[in-house]
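There are 2 protein chains.
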Amino acid sequence: MSTGSDQDSGDLHRDDAYELDRKAVAAILYAVDVQDKDQLTQLMEPLHAADIADLLEQINAHDRALLIQLYGREFDGEILTELEESVREEVLPILNPQVLAEAVRDLETDDVVDLVEDLEEPQQEAILEVLEDVDRVAVEQSLSYPENSAGRLMQREVVMAPEHWNVGKTIDFLRETDDLPEQFYHVVLIDPRMKPIGNVTLGKLMGARREVPLVDLQEEVFQIIPADQDEEDVAYAFNQYHLISAPVVDADDRLVGVITIDDAMVVLDEEHEEDILRLAGVGESALSDSVGETSKKRLPWLGVNLFTAICASLVISQFEATISELVSLAILMPIVASMGGNAGTQSLTVAVRALATKDLTGSNVWRVIRRELMVGLLNGLCFATVLGVVGMLWFESAMLGAVIGTALVFNMIIAGFAGTVVPVTLDKMGIDPALASGTFVTTTTDVMGFFIFLGLASKVLL
Amino acid sequence: MSTGSDQDSGDLHRDDAYELDRKAVAAILYAVDVQDKDQLTQLMEPLHAADIADLLEQINAHDRALLIQLYGREFDGEILTELEESVREEVLPILNPQVLAEAVRDLETDDVVDLVEDLEEPQQEAILEVLEDVDRVAVEQSLSYPENSAGRLMQREVVMAPEHWNVGKTIDFLRETDDLPEQFYHVVLIDPRMKPIGNVTLGKLMGARREVPLVDLQEEVFQIIPADQDEEDVAYAFNQYHLISAPVVDADDRLVGVITIDDAMVVLDEEHEEDILRLAGVGESALSDSVGETSKKRLPWLGVNLFTAICASLVISQFEATISELVSLAILMPIVASMGGNAGTQSLTVAVRALATKDLTGSNVWRVIRRELMVGLLNGLCFATVLGVVGMLWFESAMLGAVIGTALVFNMIIAGFAGTVVPVTLDKMGIDPALASGTFVTTTTDVMGFFIFLGLASKVLL
Numbered sequence: 040m041s042t043g044s045d046q047d048s049g050d051l052h053r054d055d056a057y058e059l060d061r062k063a064v065a066a067i068l069y070a071v072d073v074q075d076k077d078q079l080t081q082l083m084e085p086l087h088a089a090d091i092a093d094l095l096e097q098i099n100a101h102d103r104a105l106l107i108q109l110y111g112r113e114f115d116g117e118i119l120t121e122l123e124e125s126v127r128e129e130v131l132p133i134l135n136p137q138v139l140a141e142a143v144r145d146l147e148t149d150d151v152v153d154l155v156e157d158l159e160e161p162q163q164e165a166i167l168e169v170l171e172d173v174d175r176v177a178v179e180q181s182l183s184y185p186e187n188s189a190g191r192l193m194q195r196e197v198v199m200a201p202e203h204w205n206v207g208k209t210i211d212f213l214r215e216t217d218d219l220p221e222q223f224y225h226v227v228l229i230d231p232r233m234k235p236i237g238n239v240t241l242g243k244l245m246g247a248r249r250e251v252p253l254v255d256l257q258e259e260v261f262q263i264i265p266a267d268q269d270e271e272d273v274a275y276a277f278n279q280y281h282l283i284s285a286p287v288v289d290a291d292d293r294l295v296g297v298i299t300i301d302d303a304m305v306v307l308d309e310e311h312e313e314d315i316l317r318l319a320g321v322g323e324s325a326l327s328d329s330v331g332e333t334s335k336k337r338l339p340w341l342g343v344n345l346f347t348a349i350c351a352s353l354v355i356s357q358f359e360a361t362i363s364e365l366v367s368l369a370i371l372m373p374i375v376a377s378m379g380g381n382a383g384t385q386s387l388t389v390a391v392r393a394l395a396t397k398d399l400t401g402s403n404v405w406r407v408i409r410r411e412l413m414v415g416l417l418n419g420l421c422f423a424t425v426l427g428v429v430g431m432l433w434f435e436s437a438m439l440g441a442v443i444g445t446a447l448v449f450n451m452i453i454a455g456f457a458g459t460v461v462p463v464t465l466d467k468m469g470i471d472p473a474l475a476s477g478t479f480v481t482t483t484t485d486v487m488g489f490f491i492f493l494g495l496a497s498k499v500l501l
Numbered sequence: 040m041s042t043g044s045d046q047d048s049g050d051l052h053r054d055d056a057y058e059l060d061r062k063a064v065a066a067i068l069y070a071v072d073v074q075d076k077d078q079l080t081q082l083m084e085p086l087h088a089a090d091i092a093d094l095l096e097q098i099n100a101h102d103r104a105l106l107i108q109l110y111g112r113e114f115d116g117e118i119l120t121e122l123e124e125s126v127r128e129e130v131l132p133i134l135n136p137q138v139l140a141e142a143v144r145d146l147e148t149d150d151v152v153d154l155v156e157d158l159e160e161p162q163q164e165a166i167l168e169v170l171e172d173v174d175r176v177a178v179e180q181s182l183s184y185p186e187n188s189a190g191r192l193m194q195r196e197v198v199m200a201p202e203h204w205n206v207g208k209t210i211d212f213l214r215e216t217d218d219l220p221e222q223f224y225h226v227v228l229i230d231p232r233m234k235p236i237g238n239v240t241l242g243k244l245m246g247a248r249r250e251v252p253l254v255d256l257q258e259e260v261f262q263i264i265p266a267d268q269d270e271e272d273v274a275y276a277f278n279q280y281h282l283i284s285a286p287v288v289d290a291d292d293r294l295v296g297v298i299t300i301d302d303a304m305v306v307l308d309e310e311h312e313e314d315i316l317r318l319a320g321v322g323e324s325a326l327s328d329s330v331g332e333t334s335k336k337r338l339p340w341l342g343v344n345l346f347t348a349i350c351a352s353l354v355i356s357q358f359e360a361t362i363s364e365l366v367s368l369a370i371l372m373p374i375v376a377s378m379g380g381n382a383g384t385q386s387l388t389v390a391v392r393a394l395a396t397k398d399l400t401g402s403n404v405w406r407v408i409r410r411e412l413m414v415g416l417l418n419g420l421c422f423a424t425v426l427g428v429v430g431m432l433w434f435e436s437a438m439l440g441a442v443i444g445t446a447l448v449f450n451m452i453i454a455g456f457a458g459t460v461v462p463v464t465l466d467k468m469g470i471d472p473a474l475a476s477g478t479f480v481t482t483t484t485d486v487m488g489f490f491i492f493l494g495l496a497s498k499v500l501l
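Note that the protein sequences, when read in sequence, are chains A and B. Just so you know, the first sequence maps onto residues 40 to 501 in the working numbering. Just so you know, the second sequence maps onto residues 40 to 501 in the working numbering.
One chain only, chain A, in its complex shape:
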């Protein structure tokens, strides 16, 4: 596709390294505008498929369609696999069927799986049809594994050797094999029942004498991935154990494929994106989504928030008489709720992240909860002092200062507690804590914050 060697490496260490150059984008759009195919092809030539995909995502739908039509046969299957789902769905019908067929036929089967798995039935069918029989069967077999499983992620092409082979025999075998996979890093050792028993890196194979048995060169760290394992756990294993590639086995422990670290890295990146967006109540979303789609995806969390905000208002309404006597309470009450909400968000983000990295477990959950309670108490006391003084000076009432300070301490302890217990409980129940914790925690701190502050005030100040 591209070679970075013609890139000006002196530019790379700027802050916007690897960012699409605004001028280059403008030049490409100009070439599209004047329908200059040669110019367009020349401008696109140095770009990697991933960069072309980014470009297509960043321009508007009209320009995108014109560009793709002008680019014609140059359009590459790899660009399709790099595109975000929503843009991909839009691009597929634009492509000339023949261009699409050629683009797809060039791809490795695991990329085809990646390409078609999120598509609607008819689009999926159309792509599978253009594949050669052997490839189509391979893709359909991969699709038979559950969504987001190791089986969907793996390549089916594996370089393997019987466990009793030596270096010489293996090297001869590799040299005689015509269709080695495009990328591979290990020879997988298998026993007679096809069970993988070890990995030998190509580097070790190169460095060893011909008579050395393969088993003597096995990697120390070796992990076998079951085909039905969640891809999130696969990514975790690669990151935790610094794996480069790992064999995948079926339910009978037979070798069926191999996952490489570049695929695991993509999953790790996607999982992080999911977590960060879910914590903000956004759900799966892309910058290229339309206004309607975006609005629809954000509505549910806002709806939940409206409901909980109304609950908090109901709490306030219980103290209507108190507020009408002392309007300063209405002025100060958002502070208690806001501080609690922020402290709760801090605790819950740490907990959600620690659950994802498997650092928060049954062994230390009580210690973490105790720590959060103590932190809530400490920070609560600290800000209660500040806020107490502010309240006292502003409204010239020492008692009001004491009430808001006390309410703040309690609410921040509650925030620390809820911020840890809520995500841990959701996780135990099999619910993604990133998705739902925020609502529960901020509802708790809002409701409790208003209740304690206004309740205390009505007892003490009236």
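Among the clues, some could well be false.
Pairs involving identical chains hold if they fit within one copy or between any two copies, as the list cannot separate such chains.
DSS-like, lysine-lysine: derived pairs with alpha carbons at most 25 angstroms apart [claimed, not checked]:
1) K397 to K62
2) K467 to K62
3) K336 to K397
4) K335 to K76
Think of the hints as simulated: they come from the structure by calculation, not from any bench.
Fit chain B to the given chain A structure using the hints.
Then chain B, alone, in the frame of chain A:
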């Protein structure tokens, strides 16, 4: 270190795959308690260094010290590199100096760099002292590159070949070389001035005939990393271009090292952790931090939040007279602020994430802002209807319903605008948008929410 082959692979696809087994942890702590060294060694034997590090992080400081003392000479340098910084600093003084020396001498130089770069001067000195001269020089050279740069991340051991070599000569050279790096995936082609000009994978080398020139086997995708590039950009390049390893060059374009994907994956993971924690105002933090450390790290953001909450209260206080006439305003006003805050958080999270993945650029920023404004308007209208009806029924005032509905629409449009413009502006100014956007955006929505709602109410309802 460990072999996963003796693991019961039937267990792997459970939800808690790779999580430390609570029973195993209990058994290890029991062995420590009764000072049974053989039992401890046996229980620890199947664990990978990364898992031992997780274990040490999850138990309390007292048990940690006892365990390390009992484990003695079995303690491995790799465990040190896997530990979180705060725990590592605590573990180093506990280690017997001789055990430490042996542990460190076993490590590759890039791991030593990783180990010492965050340590205080005296601890750093102590570790560098035990290294052999050649290794110490290599480590000190790496440390001369800026923090978080490619130079710190790279291995100095590179397998390279002059560009005019063929396959046969390269293979002979590899077989004759005694100290090939532990892990390598490419042979880097260099020109006579040591400038890297291409990568050849070991798989290609294995599959080709002896007389084929290396240049004919070059990888299509090839990226050169400058030694002073930010490690965040390095991780981006690996993820974007699916690199497995990439040569690192100095300011004169000479090859000085190589970065492999497993190191890039660790950086990607850390960057994500940083983003997610910064968005929540937590800063760098670990589950193993003490109460005092945790409290201190969370104080700054809470302090900023207190300040902005007081600003919002000042806005409310301007309408004291209005509220004392109509207490229902005090009851409803948190809803407007809360909805705006949530909508703003949604927009800003999407923008922060898109800036990190370089999907939000000068080419599409206006389109994204326009989209956010439209989404704010749409969702605002949607919830204004609901909330208007609620306000009307609850307080039996159609005008109050109209006022809160109108305020909500305006605040949600403001949220969409601030949620995009604030992070983009901070990014342009060279400030990490994940760190500071939240405060600015929620302050804006709080202040504007209260102002519009109470302002409108005082004009219309009184």
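Outcome of the hint check:
1. In this assembly of identical chains, K397 and K62 lie within 25 angstroms of each other by CA distance solely across copies; the values are 16 angstroms between and 44 angstroms within a copy.
2. In this homomeric assembly, K467 and K62 come within 25 angstroms of each other (Cα to Cα) only across copies, at 17 angstroms, whereas the closest approach inside a single copy is 51 angstroms.
3. In this assembly of identical chains, the alpha carbons of K336 and K397 lie at most 25 angstroms apart only when taken from different copies (22 angstroms versus 29 angstroms within one copy).
4. Taking the shortest Cα distances, K335 and K76 never come within 25 angstroms of each other, neither inside one copy (38 angstroms) nor across copies (60 angstroms).
When held up to the earlier numbered hints, the structure conflicts with hint 4 and nothing else.
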